[in-house]
Amino acid sequence: SQTIHQWPATLVQPVGSPLSLECTVEGTSNPNLYWYRQAAGRGLQLLFYSVGIGQISSEVPQNLSASRPQDRQFILSSKKLLLSDSGFYLCAWSRQGNQPQHFGDGTRLSIL
Amino acid sequence: DQQVKQNSPSLSVQEGRISILNCDYTNSMFDYFLWYKKYPAEGPTFLISISSIKDKNEDGRFTVFLNKSAKHLSLHIVPSQPGDSAVYFCAASGRDSGYSTLTFGKGTMLLVSP
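First to last, the protein sequences are chains G and B. Here the first sequence is numbered in my numbering, starting from 1 and rising by one per residue. Here the second sequence is numbered in my numbering, starting from 1 and rising by one per residue.
Here chain G stands alone, though its shape is the one from the complex (with noise of 0.2 angstroms):
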C-alpha cells in the first residue's frame, strides 16, 4: 500500500529565516506531487505540484519554491520566511489521470 510521510509536524520560525520541508511517498511510482497551504480559517491553497522528477508547476507567486530531486521526493523551501507564511503546510500524492489525491498529516508552521 502507499504512504506519504510528511516532516515535521510542527515548525516554529523567526521572520527571515529559511524553510525545508520534505515529502516523501512510498509505495508507488511516478506519482504526481502537491503542496498545499492552508492558512487560518480558509481553504486549501495549491502552491506547487509536480508530475515528474524536476518538472514543477507554480500557482501562486509568493517566496516559497519546490523542488523534486527524486521520483518520490517534493521539498518545499524558502531563503527568507514572511509572518504571512504562516499556515498549515500539506503535502499529496495522486497517480496521473482522473485519481484522488492522498495527503499526508501537514506541518503546522509559526512564523515569530
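Hints may be right or wrong, so weigh each one.
Straight-line C-alpha distance at most 35 angstroms; calculated DSBU-like pairs for lysine-lysine [claimed, not checked]:
no.	chain 1	residue 1	chain 2	residue 2
1	B	K37	B	K68
2	B	K56	B	K71
3	B	K71	G	K79
4	B	K37	B	K56
5	B	K54	G	K80
6	B	K106	B	K37
7	B	K5	B	K106
8	G	K80	B	K68
9	B	K71	B	K5
10	B	K37	G	K79
11	G	K79	B	K5
12	B	K37	B	K5
13	B	K54	B	K106
14	B	K106	B	K68
15	B	K56	B	K5
16	B	K54	B	K5
17	B	K71	B	K54
18	G	K80	B	K106
Calculated Cβ distances over 10 angstroms to all of chain G for the following chain B residues [as the list claims (entries may be wrong)]:
no.	residue
19	E42
20	T101
21	K106
22	L111
In short, the hints are calculated from the structure, not lab data. A virtual CB, placed ideally from N, CA and C, is assigned to each residue, including glycine.
For chain G, the structure is supplied; the task is to place chain B on it using the hints.
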C-alpha cells in the same frame, strides 16, 4: 474568483439523521468531483468521488449526487454519527488541467451531536 463554492460554513445535525453538504462550481470544464473529510491538525482524507458520466455514487453511508445542469453536487451521510464531525471539503478537476490539479472549496464544518 471562486470556482468551487461551499456556501455553508457549518452544519449541525443530530446523530442518526441525514447530513447533506452542498457544493457549487462554476467551471464547465470540471468533470471529476471529490469529497474530503478533515479533522483538526490532520491532512484531508479522501471520502468519495464522482465523474460527470454519473449522477450518483454510493459508498456505505456516503452518497454523492451530481447535477451537471445546475453545476451542483451534494454529499449525503446517512445515518450521521458523532465521529463524522469534521470539516468537509468539496474539490473538482477537469481535462483542461489534465486532472493534475484539484480546486477546493473552503469547507463546511459538520457537527453531529449525540
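Quiz item: Which numbered hints turn out to be false for this structure?
Solution: Hints 3, 5, 8, 19, 20 and 21 are the ones this structure does not satisfy, whereas the remaining hints hold.
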